[in-house]
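> Build the complex from these two chains, which are given one at a time in their own frames, with help from the hints.
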Amino acid sequence: MKNILKSAVALLSVLVAFTSCNNTSNSNAGALSSSAAEKVYVNPGEHDEFYAFISGGFSGQLSVYGLPSGRLFKVIPVFSQDAEKAYGYNEETKPMLNTSHGFVPWDDSHHPDISQTNGVIDGRWVFINGNNTPRIAKIDLSTFETTEIIEVPNSAGNHSSSFVTENTEYVVAGTRFSIPIPQKDMPIKDYKGNFKGALSFISVDPEHGHMDIKFQLIMPGFDYDLSHPGRGKSHGWFFFSTYNTEEASTLMEVNASQNDKDFIAAVNWKKIEEYVNNGGGTMMPANYAHNVYDESTHSATSTMIKEVLTVNPLDVPGAVFLMPTPKSPHGCDVDPTGEYIVGSGKLSANLTVHSFTKMLAAIENESFAGDAYGIPIIDFEASLAGVVEQPGLGPLHTEFDGKGNAYTTFFISSEVVKWKLGTWEVVDRQPCYYSVGHLMIPGGNSQKPFGKYVVAMNKITKDRYLPTGPEVTQSAQLYDISGDKMELLLDFPTVGEPHYAAGCPADLIKPRSKKLFKLEENNHPYATKTEADTKVVREGKDVHIYMTTIRSHFAPDNIEGIKVGDKVYFHITNLEQDYDVPHGVSIIGANTSELLIMPGQTETFVWEPKQVGVWPFYCTDFCSALHQEMQGYVRVSAANSSTPLRWSLGEDIE
Amino acid sequence: MKTPLKLIAILFTALLLNCGGKEEKKKEGFSYEKKETTVKKEVKKDESIPPSKQIDLTNKGIGPITSLTLDDKIDQKMATHGGEVFKKLCTACHRVDKKFIGPAPKGITERRSPEWIMNMILNPVEMTQKDPLAKALLMEFNGAPMANQSLSEEDARAVLEYFRTLK
Chain Y
1 MKNILKSAVA
11 LLSVLVAFTS
21 CNNTSNSNAG
31 ALSSSAAEKV
41 YVNPGEHDEF
51 YAFISGGFSG
61 QLSVYGLPSG
71 RLFKVIPVFS
81 QDAEKAYGYN
91 EETKPMLNTS
101 HGFVPWDDSH
111 HPDISQTNGV
121 IDGRWVFING
131 NNTPRIAKID
141 LSTFETTEII
151 EVPNSAGNHS
161 SSFVTENTEY
171 VVAGTRFSIP
181 IPQKDMPIKD
191 YKGNFKGALS
201 FISVDPEHGH
211 MDIKFQLIMP
221 GFDYDLSHPG
231 RGKSHGWFFF
241 STYNTEEAST
251 LMEVNASQND
261 KDFIAAVNWK
271 KIEEYVNNGG
281 GTMMPANYAH
291 NVYDESTHSA
301 TSTMIKEVLT
311 VNPLDVPGAV
321 FLMPTPKSPH
331 GCDVDPTGEY
341 IVGSGKLSAN
351 LTVHSFTKML
361 AAIENESFAG
371 DAYGIPIIDF
381 EASLAGVVEQ
391 PGLGPLHTEF
401 DGKGNAYTTF
411 FISSEVVKWK
421 LGTWEVVDRQ
431 PCYYSVGHLM
441 IPGGNSQKPF
451 GKYVVAMNKI
461 TKDRYLPTGP
471 EVTQSAQLYD
481 ISGDKMELLL
491 DFPTVGEPHY
501 AAGCPADLIK
511 PRSKKLFKLE
521 ENNHPYATKT
531 EADTKVVREG
541 KDVHIYMTTI
551 RSHFAPDNIE
561 GIKVGDKVYF
571 HITNLEQDYD
581 VPHGVSIIGA
591 NTSELLIMPG
601 QTETFVWEPK
611 QVGVWPFYCT
621 DFCSALHQEM
631 QGYVRVSAAN
641 SSTPLRWSLG
651 EDIE
Chain U
1001 MKTPLKLIAI
1011 LFTALLLNCG
1021 GKEEKKKEGF
1031 SYEKKETTVK
1041 KEVKKDESIP
1051 PSKQIDLTNK
1061 GIGPITSLTL
1071 DDKIDQKMAT
1081 HGGEVFKKLC
1091 TACHRVDKKF
1101 IGPAPKGITE
1111 RRSPEWIMNM
1121 ILNPVEMTQK
1131 DPLAKALLME
1141 FNGAPMANQS
1151 LSEEDARAVL
1161 EYFRTLK
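Chains Y and U, in that order, are what the protein sequence lines are. Under this note's numbering, the residues of the first sequence are numbered 1 to 654, in order. Under this note's numbering, the residues of the second sequence are numbered 1001 to 1167, in order.
Note that these hints are calculated values from the structure, not bench results. Hints should not be assumed to be uniformly reliable.
[Unchecked claim] Short derived list, chain Y residues pointing at chain U, Cβ under 10 Å: (1) Leu516; (2) Lys529; (3) Ala532; (4) Lys535; (5) Glu539; (6) Asp542; (7) Leu575; (8) Gln577; (9) Gly650.
Here the structure is a predicted model, which is why all the values come from computation and not from measurement. Glycine included, C-beta positions come from ideal geometry on N, C-alpha and C.
In isolation and in its complexed conformation, chain U is listed as follows (with noise of 0.2 Å):
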């Protein structure tokens, strides 16, 4: 009965001190090294461009917008409202010229059709379901899902106007 006692504690020191010595060698903070050869991979593969920057204007996207001709010229009062729509319900995860918690829209209308723009903002669940392009950027940025800010379609249209003016 007693050596098994015995056993035990032994055991339980060699845990105590297996503790000790662990907080002795304490680093502060921690780093995470990552394999450069990976990096250099990626960097080679032509899907390496993050889909962010991937360029595809045949792709409509899936929802309620499914054709959609732009005016060559830009609608001043109809981009104005769209600034103001964006600033209210968007920047909470857009900044216009960088990466936040999205992609920055800046350039935006050079990369995507008019109607994956609109569709993403009217339909970001679905789109970000079945849309291989929007499947790719949720994984782009963390899996930070696109809200739904259920914004009217006129008022998807006015920040797609906003869009074309950011250059």
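Pulled out of the complex, with its shape left as it was, chain Y reads as follows (with noise of 0.2 Å):
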């Protein structure tokens, strides 16, 4: 008895020892398996295959990570202050975050999208929306800076926003709240039927990506959440999703999800651009910000416009349709052929998928259900292509791996779920830890997505990293979807919120980074290109010095003559000509960040001495084994002294 006992309880371990190895290798891979790792370790010294641009949601900004190793390279200050490049603080960028309500130095970033040539990545630009206070900006990719920022009017809260078409002819940017247009004093129980959505379509330069707001659709008062392009067959349109198309303005997340269905918009933009080049559309009074940066002077500018022309989308007969979509959808998304629309109602069991070419036929052959005020309503039927029955709960987003598989984000059941298009059959399904919003896959929104890699944006994390306290790092996943199942390979931690993410092939942006700026081409005003320019100049209570850095000192590095009540501007020019070789600069009690001066670059910050004293500055950024050395004095004397105003350097001093 003893002995049938024992080598049962022998074999049950035994039994039990393979079934947790099983289960290691299954739900714990990417820890354990030397595979998972291989791949997405990068040798010391190579680089990454990929650049992912997150964004960083209630911060603000846009981070840079490397696929696959998940390692941060840059946050890349947007809609922030940033005291670490002086970005917001030095006075060469303080009129990009300039709105038409003043300074605003922080903003919501949610969804970066690169800019496109034939419907191909193109690596030049990103831009992204500010939700908050409605802004679109562009990053320039060839130095990884916040080049441009444009307000959008008639807007609140920015959100179906900043998608390029497959030229990058516009970024669009839809208003997720409706609001009066224009803004006025009245009850908000008013809302139904007063209140309008704007759909802003704003034109990009091709040649410098200059934005400009072309036109906006003045639409019916919903919540226009996401949107995305046509491409292919179907560029020239946009499509957005709706929620709260019951008008509600109160306990939205009861009163907005009583409709069975709300809408994904279609938008045929070519029509109204049309329009509106024949002399279409209705000039409004306005006022927006338009900051732009200029990489000769070093220096934004800040304009504000006063007008803007909006469309009422029932002028332009045929160019705006409402496809009725289930359960307030979410994603709005378009596969590579342009002709597949997934919407992802996200109280809805299922994903609705709705067909270019149907909705074509549906609006030739007139199959409507009805009107929102005077806008098409297409029947349910009509154009839609198929049904991905109960993949799980919660869909949020889909992005494509260019090889006809989808792939869905489940919030509430915490997945990604690959279904195939055409079939709608659901192919593999892996957990997320947890409770993901967004995936990415490299160019996911073009015609060619790179379908190698899924990168999951988590909205919990909890116990996947060390506790930080009651605040904890933002968990993203990435995945390997070479295969036919997809593999978890990484977790790694982002800075937060991510909502979104782009992303393209490292090759694309490695040749054209610029590794410095050359002194010959710097037009800022204040730059100082020899030491022998060097100067100090009064201008009644304002005084201006012109200083240069070079390895390792400042130029002047003693100065006097500065006096209580001065307000005193440090014009900064990097002398050196080399890669990697910033300099930064401040002052005892400065009342703004540090700067932090490439190579080539001249900023200024601000100093108004308080105090009667020998006060010095330094080089806040370790520059050489001579940095420690890097430091001046500036003496201040009393607002009624008569010291007069020297500057020197060394050998020059008297």
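This is how it looks when you write it as structure tokens:
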């Protein structure tokens, strides 16, 4: 009897051991499987294959990661002040954050999208939306700096943005919240029928990328959630998901979830563009900021624009249609061929896929089920291509691998589900840790995705990393999607809170990346191009210091004759002309951040000395073995003193 | 319990007194006395000639310039251009005829080969790591690195021509 028991126990333990081994390799492959480790390991000194641009959400920035390693390379301040780079702190970039509401040093950055040429990612610019005080920014991928921000008038909660058409003709910005247009003092309860939603088409200059609002389509007062361009056969159209077609203004989580179906709005922007080019539309008064950073002057200017062209959809027949889509769709994603428009009804059990071809036929045959404020509603069945039946709970966003597969995130059931376009069958699923929001396949929003990896951006982190108090890092996960089954390769932390991402092969960006600014091309009005030109100039209470840096000294490094009450501008030019030799600077008591000045660049910070004394300044970026010697003094005298203005460096000292 | 406390108090007072004592001795400024004997030794040695004064016309240095023959006549136009480049990109650290952050270029063509001079301009990082003379110069000048100012080969050649006029 004992023997039997013994062997039974032995057998059981062997079984348990096997089972647990199995579990380990299945659910936790990333940690133990050497093949997964090899797939994400980039040898020291070697480069990642892809760049991933992951939005910062409430931190207002855009972060740059390498894939497959998940290494963080840079945090680009966009709608945020960044003490590291002095963005939003120095005199040159403060105008970037100007708006019609004044200086707004923060925003909620959501959906980066990379510029395209002929439907393929071209790696020139990234566009990203600021949600809260509606803005669209452009980041130049030769410098990885924010070079332009345009405010979007008549918009609120700029969320169904900032997606580009297939030749970057437009970057599109749709409002999430509908509002009175123009704004006015009125009762909130009168929302229905009176509030409107503006969809803005911002043209992008093909040469330098400058943005200009071409027109705003003034739509019914729904919430416009996300959008994507048509491509290939559907190029010329744009698709917007909507919710709150109930037009509720209170207790939205209940009141905006009443309708069985909301809409995906299909907008024929080519048709509206033609209408506008022929003089159509109504110019209305507006007030919005257009901020442009000039790389030759290293300075931004902010211009207020006073009017915007609006278009009433009813004035352009055949340009706007509504496709019923179940239950408050979030994602509105177009496959690489441009045929399928996938609606992720976030409260629906199914995914709804519309066919562009069927939509056109329905319009042709006028298969309409009614209208909303005069805009035709296409019969649900007429544009329906298919339904992915019960793939998971809480679908949000779909991307494509270019091989006929789609990958959809499910927030509630916390997973990525792979399914086939055309047959609508689910072929694989992988859990996410935890509660995934958006996902990204490099090139996913284009005709040519690079279907090797998918990055899932999770909303909840909990126990994935060492705890860091109540607030934890944001968790992203990398899956290999090159095979039939998805394989979880890597967890990596991100700077919060990623909402969306765009990616592309590194080879598109690497060769164009700028290493320094040429001194001879520096047209900053306060640039100092040689030490012989350094000087200090007093203009009343304003004092301009024309200073230079090179390893490892400031010129001048001794300054006298500054007085309490002066406003002192330090205009610093970095004379270095070698890659990766920035210098930094600050002075005791400056009410702003340091400067971090790239080779050949000029930057300015303001110092208003409040106390008499001799105050040191120093280099804040380790620049050479003599970095610690890179320092200087400013003598501050009483306001009524007669200390003469003098400056010197080394041998020149009298 | 009380005794250790007292002890600490006494120690602390002593420490304070000690600090006070030091302050009384405070001098204006300070001087560092070098040992004369060491200096004399250095002068006697042959290697005591500072690297910046040493003459080595055979060393071509390390970099893109392997062989360069200078015309007997100075190309004035090129030298003028070289002077402009020098003023623009080099004067932050070099004064023509006196030691500054780096050595003075005056007379350098009598001390260095033309190849060495151009390689020092075009390839300073590798030079100061590998070339014995450049390494010694780095130490002579307090470890201040020669900055790579990304000159074109043409501009570096012009700077060399300008140096030939500095005699």
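> It remains to establish, for every hint, whether it holds in the given structure.
Hints, verified against the model:
no.	hint	result
1	Leu516	holds, 7 Å
2	Lys529	holds, 7 Å
3	Ala532	holds, 6 Å
4	Lys535	violated, 15 Å
5	Glu539	violated, 26 Å
6	Asp542	violated, 26 Å
7	Leu575	holds, 5 Å
8	Gln577	holds, 4 Å
9	Gly650	holds, 7 Å
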